[in-house]
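Novice: Spelled out from the first residue to the last, the chains are:
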Amino acid sequence: MSFTFVDIEQRKKRVIIFLFLFLSGFYFLGAWLIYMTVRGFFMLKMTYGKISFLSVPASHLWSIFAVSVIAGGLQWYDSAIHGTRKILRRFKADAPDPDDVYHRRLDNIVQEVRVATGGKSIGCVVLPDYAMNAFSLMDFRSQPVIGITEGLLSRLSRPQLEAVIAHEAAHIVSQDTLIKTITFSLFGVYGIALNGLCGSLKGSSRRYSSRGSGGTAVLVLLLITVIWTIHTFSKLLSMFISRQCEYRADATAVRLCRDPLSLAQALHKISRTWRGGGLGYENLAGLFIINPVHSDLDEKESLFSDMFSTHPPVKKRIRTLLDMAHTDYATMKQKADGIKKVRYKEVHVVDVKEPRWYLAEHGDEWAGPFSALEIAGMKEVRHDMFVRKQGTADVNFLYMDPLLVKTVKSCQENPQSTHCCPRCGGVLNTVLYEGAPVERCSLCKGILLEENKVARILTREEQGFSDALIRQAKLISGQKKTADYSRTGLHSEFKCPQCGQIMVRCFYSPAYLIEVDRCYRCGLIWFDTDELEIIQYLVENSRT
Amino acid sequence: MVAIWIIIAFFAAAVLGVIAIYNKLVSLRQRVKNAWSQIDVQLKRRHDLIPNLVETAKGYMNHERETLENVTKARQQAIDASSLKDKMQAENFLTQTLRSLFAVSENYPDLKADQQMLQLHEELTTTENKIAFARQYYNDETANYNTNIQQFPANTVAGLFNFSKEDFFEIEDPQEKKTPQVDFNK
Chain A
1 MSFTFVDIEQ RKKRVIIFLF LFLSGFYFLG AWLIYMTVRG FFMLKMTYGK
51 ISFLSVPASH LWSIFAVSVI AGGLQWYDSA IHGTRKILRR FKADAPDPDD
101 VYHRRLDNIV QEVRVATGGK SIGCVVLPDY AMNAFSLMDF RSQPVIGITE
151 GLLSRLSRPQ LEAVIAHEAA HIVSQDTLIK TITFSLFGVY GIALNGLCGS
201 LKGSSRRYSS RGSGGTAVLV LLLITVIWTI HTFSKLLSMF ISRQCEYRAD
251 ATAVRLCRDP LSLAQALHKI SRTWRGGGLG YENLAGLFII NPVHSDLDEK
301 ESLFSDMFST HPPVKKRIRT LLDMAHTDYA TMKQKADGIK KVRYKEVHVV
351 DVKEPRWYLA EHGDEWAGPF SALEIAGMKE VRHDMFVRKQ GTADVNFLYM
401 DPLLVKTVKS CQENPQSTHC CPRCGGVLNT VLYEGAPVER CSLCKGILLE
451 ENKVARILTR EEQGFSDALI RQAKLISGQK KTADYSRTGL HSEFKCPQCG
501 QIMVRCFYSP AYLIEVDRCY RCGLIWFDTD ELEIIQYLVE NSRT
Chain P
1 MVAIWIIIAF FAAAVLGVIA IYNKLVSLRQ RVKNAWSQID VQLKRRHDLI
51 PNLVETAKGY MNHERETLEN VTKARQQAID ASSLKDKMQA ENFLTQTLRS
101 LFAVSENYPD LKADQQMLQL HEELTTTENK IAFARQYYND ETANYNTNIQ
151 QFPANTVAGL FNFSKEDFFE IEDPQEKKTP QVDFNK
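Chains as they are written, first to last, in the working numbering: chain A, 1 to 544; chain P, 1 to 186.
Be a bit skeptical, because a hint or two may be false.
[Claimed, not checked] Below, in silico cross-link-like pairs of lysine-lysine (DSS-like), each with a Cα-Cα straight-line distance of 25 Å or less:
hint	chain 1	residue 1	chain 2	residue 2
1	P	Lys-58	A	Lys-389
2	A	Lys-120	P	Lys-44
3	A	Lys-120	P	Lys-33
4	P	Lys-58	P	Lys-112
These aren't lab readings, by the way, just hints derived from the structure by calculation.
One chain only, chain A, in its complex shape:
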């Protein structure tokens, strides 16, 4: 890196002072406008038109100034301290799940890159979105984090993911991330507020139009105008975020992981898919590895786009990387696409390292093997049955096995603690499906899934499908026009396995008309046998 530590620190200081002044200026302007309006209003009332807007008492001016500096300071402090947390909460980002195969791999890769940077403190989070993108965040208090979407996590190979994470780590090491995080959490909020207000205006206009009360709508409209002005001005700040950051981070990433080809492939893959436009990513565009929304400005190389664009042309980035790797575009593309075709075809749902037992009544045949929860869920289970642990030969009574006794006891005392299948009453086992832990009924093979885990399953493509399932899926997708909406939104016959309330029957989404049962209180979805697989098949085929 051409940057020394001292350079970085100096630049950081400059940027921070500038941001603070910019913000205070904003508040000063706003306060001034409000002051003038109020003053004009009162004067109009009292003196009938003898107003002079220019002569303002110095004491008033000073107090406006003080107010704007204090307000600016408070907002700046809030962003600099809580910026990371606020943005992560907005994106519903979560720490990687240690039981999930893909998440564990991500965590390992981040640790690897940490080693390559000489042991910098870097954390990671996962965004439950289908889009492919990555970003990094850093503020003055919390640990710097790298955020990866589920889509990116499932569709990049290990070296490619490593290269992307090295790119983000490079931003953190050079502290570009700190500046960007503070800038965007200061000014990105206006864009977010604008989106929210526009949404509520639409809602309210629909609600109030019949009654003719538009007072709220006018107020909202006024607010939108004010915020829109600020938002537009704050876009000027993108001048400030240099395109050079991305080139530099690419170069540092190559120095960290010595693999320019994989980074080029990753950029190529990300640039050709949905990168999260519409999810609110665009308000924080500068934080991402590739701009979430496509803009022609990004792809140009002129002084104008150098000034106003936050991302350099992807083509040029890839070309630079390919020069480093001594290959050309065609071979890179061939290799990048080649990876996608390697798919596991066999179905493998494996229990997560649970011991299992064979079970027998006196004089009966051995049955099983069952897991502890399955045995506890059986109606006819008694303490004097024989058990034999899988993999061993010694036979015991059930009451001699402490783990079984404990499970059976807790199950009898508190039937809600073990989740039972809402359809058939079988025991739900935690199994790995597409590398993610899901609760699956041991008898009817239905799946209970938290809503925020659905994205994990639907983006991963390890699972193969049987011909019968494909036929069924095609049948359902063909029925879209004649779909029966009469049963949706009603109470289903199932109770939520977690809270015991009646679930709601509805279509999975307007695009995929599969009836599922939801519990809106716990955020759980119950998929009957094969339903999740059908949705998965439809999603995968809509993509290709």
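Chain A is already provided as a structure; the job is to place chain P on it using the hints.
Specialist: Positioned in the frame of chain A, the structure of chain P alone reads:
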């Protein structure tokens, strides 16, 4: 009189210069040591993982006793090695035996699908990569340090206070020289 002052000033400047160079060299050497300790941590982690791996593989591989014994032997050698040179050799040998173990495991589909084996695979992959990155970082720091103690005027200070060159952590395996990435999943 002026001459004396000039001489004193000259000496003062020289002493200050020596102090500055000395401090810089000390911090560079410390960074090399730190980088080495990072490698050491990762090597240890690999040594801890291997018994588990061998135990899991044993259940499935009946005809590959020799390969498994080789891995265990190489691990013991690596643990026993004391000097840096021995250590490097033993670790390189261990990497080779591990690679042949994974090559052989391709013939056992049950073993490849075993959940615990998959987990060990991932753990070993990440440890191998960490070793590679830690070695890369160590070599970068060592190169930086070695260049610094050979440059004028630091070389005089280095000679005076016994700063000696550090060894690189080198790889003998030509296959691994190509890329630092080890991906067992391929």
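Novice: Evaluate each hint against the coordinates.
Specialist: These are the hints, each one checked on the structure:
Restraint check for Lys-58/P and Lys-389/A: the C-alpha separation of about 21 Å stays at or below 25 Å, so the hint holds. Using a Cα cut-off of 25 Å, the hinted pair Lys-120/A and Lys-44/P holds, with the two alpha carbons roughly 21 Å apart. Between Lys-120/A and Lys-33/P, the direct Cα distance comes to roughly 16 Å. Compliance with the 25 Å bound is thereby established for this hinted pair. About 13 Å separates the Cα atoms of Lys-58/P and Lys-112/P, which keeps this hinted pair within 25 Å; it holds.
The structure meets every hint from the earlier list without exception.
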